[in-house]
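Those protein sequences? They're chains S, W and Y, same order as listed.
Under this note's numbering, the letters of the first sequence match residues 1 to 449, in that order.
Under this note's numbering, the letters of the second sequence match residues 1 to 309, in that order.
Under this note's numbering, the letters of the third sequence match residues 1 to 274, in that order.
By construction, these hints were calculated from the structure, which means they are not laboratory data.
Just so we're clear, the structure is a prediction, and the values are computed from it rather than from any experiment.
Quick reminder that beta carbons are idealized off the backbone N, C-alpha and C, glycines included.
Warning: the hint list may mix true and false statements.
[Unchecked claim] Covered by chain W, according to a simulated footprint, are these stretches of chain S (three or more residues, beta-carbon under 8 Å):
#1 67-78
#2 272-279
[As the list claims (entries may be wrong)] Under the rule of at most 25 Å between Cα atoms (straight-line distance), these lysine-lysine pairs were calculated in the BS3-like manner:
#3 S:Lys437 with S:Lys240
#4 Y:Lys265 with W:Lys117
#5 S:Lys206 with S:Lys144
#6 S:Lys327 with S:Lys271
#7 Y:Lys265 with W:Lys201
#8 S:Lys310 with Y:Lys265
#9 Y:Lys265 with S:Lys70
#10 S:Lys263 with S:Lys327
#11 S:Lys195 with S:Lys271
#12 S:Lys182 with S:Lys392
#13 S:Lys70 with S:Lys83
#14 Y:Lys265 with W:Lys230
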Amino acid sequence: MTQNEFRTSRRRLLTIAVAATAAFTSGALTACSPPGSDGANAGSSSPTTVSTEIGSVPISLTLYDGAGLKAIDDALIAAFRKKHPNVTITARFDPDNVQSVNAPRVLSSDSPPDIARIGALGETVKSGLLTDLTPWASAYQWEKLPAGQLAQYKSTPDGVRGAGAQYTVASGFTVTGFYYNKELLSRLGLSQAPKTPEEFETALEKAKAANLTGIIAGNQNGQVATSFQFALNRTVGQDKLNSWIFGQPGASIATPDATSAAKTISEWAAKGYINRDTNGTQASDAMGRFARGEALFFASGNWDSAALQKQMGENVGFALPPAADGKAVAMSDPSSNFGIPAKSKNKDAAAAFLNFLTSPEARQIAVDNGFAPSGSGEQPTGNGALSTQVQKAFADLVLADGQVQYIQNASNGANAAWTAQIQLLVDGRTTPEDMLKTVQTQYEQDLGK
Amino acid sequence: MTTLRSTAPTTSRRTVAPKKKSFLHRWSGWLFVLPALLFYGVFVLKPLVTAVEYSFYDWNGITVATFVGFENYVRVLTDPQLLASIGHAFFLIIFFTVLPVSGGLLMAALLRELRSKGMGTFARTALFLPQIIPGAAAAIAWVWMFSASGTANQMLSAIGLDGLTRAWLGDFTWSLPAVGVIGTWINLGFCTILLLSGTGKIDASIYEAARLDGAGFVRTLLSVTLPGLKQEIGVCVTVTVISALASFDIIFMSTQGGPGYSTMVPGVQVYQLGFTQSQVGLASALALILTALILIVVLPLQRLFRSED
Amino acid sequence: MKAPIKERIPGFALLSIAVIFSVIPLASMFTAALHEQGTVPVGIEWPADPQWHNFIDAWKVADITPLLVSSIVLVLGVVPAAALIATMAGYGLGQLRIPGGSVVFILLLLGLTLPREATIVPIYYQIRDMGLLNTQFGLMLVLIGSFMPFAVFWMRAHFLTMPKELAEAAAIDGAGAWQSFIRIQVPLAVPAVSSLCLLLFLWTWNTFLQAIVLIDDPSKRTMAGALQNFVGLHSTDVVLLNAGALLIMAPTIVVFLAFQRQFMKAMISGGVKG
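Whenever a hint applies, use it, and build me the whole structure from the sequences.
Following this line, the structure appears as structure tokens:
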């Protein structure tokens with residue numbers, strides 16, 4: 001090859017390369033309409049004929065849930081199978097936080113589960129990923145369920161929760177409050193758990209004076225948010241807070257009422273009422289340290305009761321968050337809010353499982369696993385003193401109609417935003433005002449307002 | 001035209017005919033390259049092109065996307081939180097690159113100097129070990145080291161520095177350096193071993209000459225070892241800089257970007273935006289800017305360290 | 001000639017510090033893993049009564065057996081295929097010097113600096129549309145694709161050092177390109193291929209991001225990917241957590257100790273060539 005030939009062949013080669021790259025790139029670019037327009041989520045979301053009979057032909061369903069709920073789900077599945085031997089339910093679990101993150105994507109995949117825990121109900125409904133349960137609701141008479149529970153199952157087509165058609169049924173409910181160390185309480189000269197915000201604050205002061213940690217929290221996972229929302233529930237009020245979490249148009253968390261709750265928490269942190277290393281503590285560590293008697297209070301929920309009962313025996317008690325006017329208000333939401341993905345192929349069978357969740361057997365299973373029971377009816381028996389106390393608290397809460405959703409569930413990005421912001425707040429690196437503004441911005445972005 | 005037509009085939013026939021076999025032969029070689037190219041094209045280049053496409057849309061991953069032009073890029077370059085995550089990645093270069101490379105240089109020189117066989121082998125194995133365990137596992141080991149009751153605090157207390165103990169990964173000031181230490185731990189062995197193998201290529205007589213000149217350890221290190229390892233240092237710097245800027249496993253498993261946003265890096269942010277917050281367009285724009293930054297930093301490095309070869 | 005003892009002491013001291021720094025996190029996990037379950041050990045401290053059965057318990061709790069199987073399946077699916085494809089491409093680029101090879105080479109060069117984060121979001125949707133989400137097959141395809149730049153690079157470098165006469169001699173004997181590849185080139189490439197396999201094994205085994213994104217079911221992931229799930233479920237018990245995490249990293253450590261020399265050589269020359 002002469003020098004010249006070499007050069008031309010090289011040039012030709014470059015031309016080919018450029019042309020190939022261009023063709024490749026433009027091909028890839030022009031071939032597509034906007035992402036998501038391929039009809040990937042087309043599925044019939046409101047059927048016309050439904051049946052409460054699931055026959056005897058073998059049916060296999062998949063259930064998708066958070067890993068923390070494996071025990072209760074396994075028990076529910078086993079009990080359901082006893083009733084309907086032809087239905088096999090295979091459960092799949094992800095870590096709880098991963099499950100709520102993955103759910104929308106799993107639901108929109110080509111082989112979605114038939115029953116899935118739904119985290120952000122409004123956004124999921126808005127995306128058309130869920131089956132409208134109205135026909136089954138009338139077939140199974142779900143409208144008779146307690147109103148406070150039904151509200152948590154409903155959403156309008158544009159994603160405003162609390163109203164509209166029913167999309168889910170819960171397997172059980174969580175309930176929040178604070179655990180207290182009885183021995184430390186009496187050492188501080190207190191005869192019973194505080195009932196009002198003032199009494200609670202007094203207890204914290206006394207603990208501080210006695211060189212004890214008042215509240216222990218694992219804020220690496222944003223656990224101070226639990227105490228924060230206890231305050232928020234009082235200052236903002238149950239209805240206003242729920243409407244923010246449910247995504248009502250125009251709702252805002254950046255209000256003076258919310259600010260005063262945030263101020264309380266930042267003061268508590270500054271005064272040392274909350275463990276100083278809270279930002280470096282995992283929620284599970286915090287529970288372990290509370291069990292070993294390191295702190296007076298541990299703001300959490302029913303999910304920790306079995307472990308605490310085992311480790312602390314008689315020394316631990318549970319109470320609903322302190323209430324200003326005697327009306328019980330606390331965060332309480334479905335442990336698993338089960339819905340039927342729009343693309344499921346066995347909706348009748350899946351709906352039969354949802355209906356089973358409110359049966360006496362299922363209610364007993366919920367209580368046995370430390371949750372409050374779904375639906376209504378005779379209160380199942382609890383096991384152990386602490387569990388009974390938790391169940392009593394839930395019954396009181398339902399009676400007072402005081403269930404509030406968790407602020408972390410307001411939108412997809414809300415959990416990450418609250419966690420980071422509350423970490424900044426307890427370290428004095430953001431102001432209550434700025435914290436709430438930042439969360440509100442994230443919320444509006446998520447909801448596409 | 002006619003002349004061209006008449007001459008062209010003849011010339012080509014004349015020159016191509018004997019080459020024909022080799023021409024075919026040469027093109028048939030493409031069959032060997034094709035499978036690799038196919039995999040690379042479908043699972044690396046195509047997603048890359050798709051990422052460019054996504055970056056111009058506002059998309060939640062489910063419903064139909066809206067075209068937004070450069071809005072996502074503007075957001076990445078103006079949002080303080082996203083910019084901070086990029087800043088953290090650059091800060092991590094101190095721990096992922098500067099410390100391991102300088103430490104590795106020192107260790108390599110020491111290992112060469114001491115020439116103690118038993119100690120040498122053991123030291124090399126021990127130093128290299130962190131490099132081969134999964135980054136996620138390294139993070140778990142260090143979460144335990146840095147926890148309130150962990151070994152880091154235990155050692156501080158042992159030397160009377162109780163005042164300094166803290167939950168390192170939960171501290172706004174110290175969490176980012178603490179995460180950085182994990183990177184130092186992983187990269188130190190790699191740099192040491194790579195640089196040590198480089199010293200083997202330096203002519204022993206140069207060391208001998210330096211010794212006869214009365215040069216001490218430090219002089220020898222600076223005037224013989226360092227210049228002789230230019231290429232190896234370049235490789236260490238390139239590899240470790242990429243590991244700093246594109247860090248994910250360690251931070252995802254140790255702090256998830258917290259407390260607050262103090263250890264947030266682009267890798268974790270891309271994951272959160274793309275998979276938690278359903279902002280696929282923004283996630284793609286950030287990922288592409290990260291890629292561009294890596295290229296901008298790494299390409300000049302190649303020049304810097306290879307120019308005199 | 002060695003330096004006098006006195007001068008060597010600071011050197012030994014520095015080296016020892018570095019060695020301790022490298023070993024202490026793993027050692028402190030190990031001592032923590034031997035404490036009684038449910039207790040919270042403090043720092044690094046040998047327990048009075050080492051609980052060796054913790055490792056057996058952690059094996060059961062972390063469900064290591066399916067993880068081990070799953071990781072091995074992934075390695076078997078990825079490493080031989082990737083090595084074969086890369087060897088072929090390396091032969092085409094390095095020995096046959098195919099026309100347009102330099103373009104391929106430049107394209108691959110781009111892939112070497114590409115962070116995994118750059119493509120992970122589109123890859124998720126691509127694999128979903130292919131119906132391969134939650135399958136090990138999907139993860140295998142993605143991994144083979146992402147290993148190509150380095151692997152081809154590596155094999156090309158090997159074939160560049162092979163004399164051209166080899167191929168020509170084979171051609172004169174009437175052997176086709178494929179035959180000469182299989183009979184002559186591959187046997188000669190064994191050392192380069194085996195180093196490559198070692199690296200591919202390590203990277204497949206340690207894959208994290210792609211594993212957690214593409215596979216929801218932890219028991220189908222890599223060992224590293226399963227760690228995320230394991231921590232989520234068992235962070236309450238420091239002792240079990242450490243025991244389980246050690247078990248999860250044990251296979252790579254064992255393989256490393258067995259093939260130490262080859263590993264170091266491969267990773268170092270991998271760095272130099274890359």
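Results of checking the hints against the structure:
1. With a threshold of 8 Å between beta carbons, the proposed coverage of the stretch 67-78 of chain S by chain W is violated, since 0 of its residues qualify and at least three are required.
2. Interface restraint, the stretch 272-279 of chain S with chain W: holds (3 residues with C-beta to C-beta distance below 8 Å; minimum three).
3. Restraint check: the Cα-Cα separation between Lys437 of chain S and Lys240 of chain S comes to about 17 Å, which is no more than 25 Å; the hinted pair holds.
4. Of the supplied pair hints, the one linking Lys265 of chain Y and Lys117 of chain W holds, its CA atoms being roughly 18 Å apart against a limit of 25 Å.
5. The straight-line distance between the Cα atoms of Lys206 of chain S and Lys144 of chain S is roughly 47 Å, outside the 25 Å bound, and the hint therefore fails.
6. For the given pair, Lys327 of chain S sits about 28 Å from Lys271 of chain S by alpha-carbon distance, which is inconsistent with the 25 Å threshold.
7. At most 25 Å may separate the alpha-carbon atoms for a hinted pair to count; Lys265 of chain Y and Lys201 of chain W meet this at roughly 14 Å.
8. Restraint check for Lys310 of chain S and Lys265 of chain Y: not satisfied, since their Cα atoms lie roughly 53 Å apart, outside the 25 Å limit.
9. Distance restraint check for Lys265 of chain Y and Lys70 of chain S: the Cα-Cα separation of roughly 46 Å exceeds the 25 Å cut-off, and the hinted pair is therefore not satisfied.
10. Proximity of Lys263 of chain S to Lys327 of chain S is assessed by CA-CA distance (about 23 Å); at most 25 Å being required, the pair is judged to hold.
11. Simply put, Lys195 of chain S and Lys271 of chain S have alpha-carbon atoms about 22 Å apart, close enough for the 25 Å limit, and the pair holds.
12. Distance restraint check for Lys182 of chain S and Lys392 of chain S: the Cα-Cα separation of roughly 18 Å lies within the 25 Å cut-off, and the hinted pair is therefore satisfied.
13. A C-alpha spacing of about 20 Å is found between Lys70 of chain S and Lys83 of chain S, which places the hinted pair at or below 25 Å, so the restraint holds.
14. Between Lys265 of chain Y and Lys230 of chain W the alpha-carbon distance is near 19 Å, which keeps this suggested pair within the 25 Å criterion.
Hints 1, 5, 6, 8, 9, counting from the list given before, are not met by this structure.
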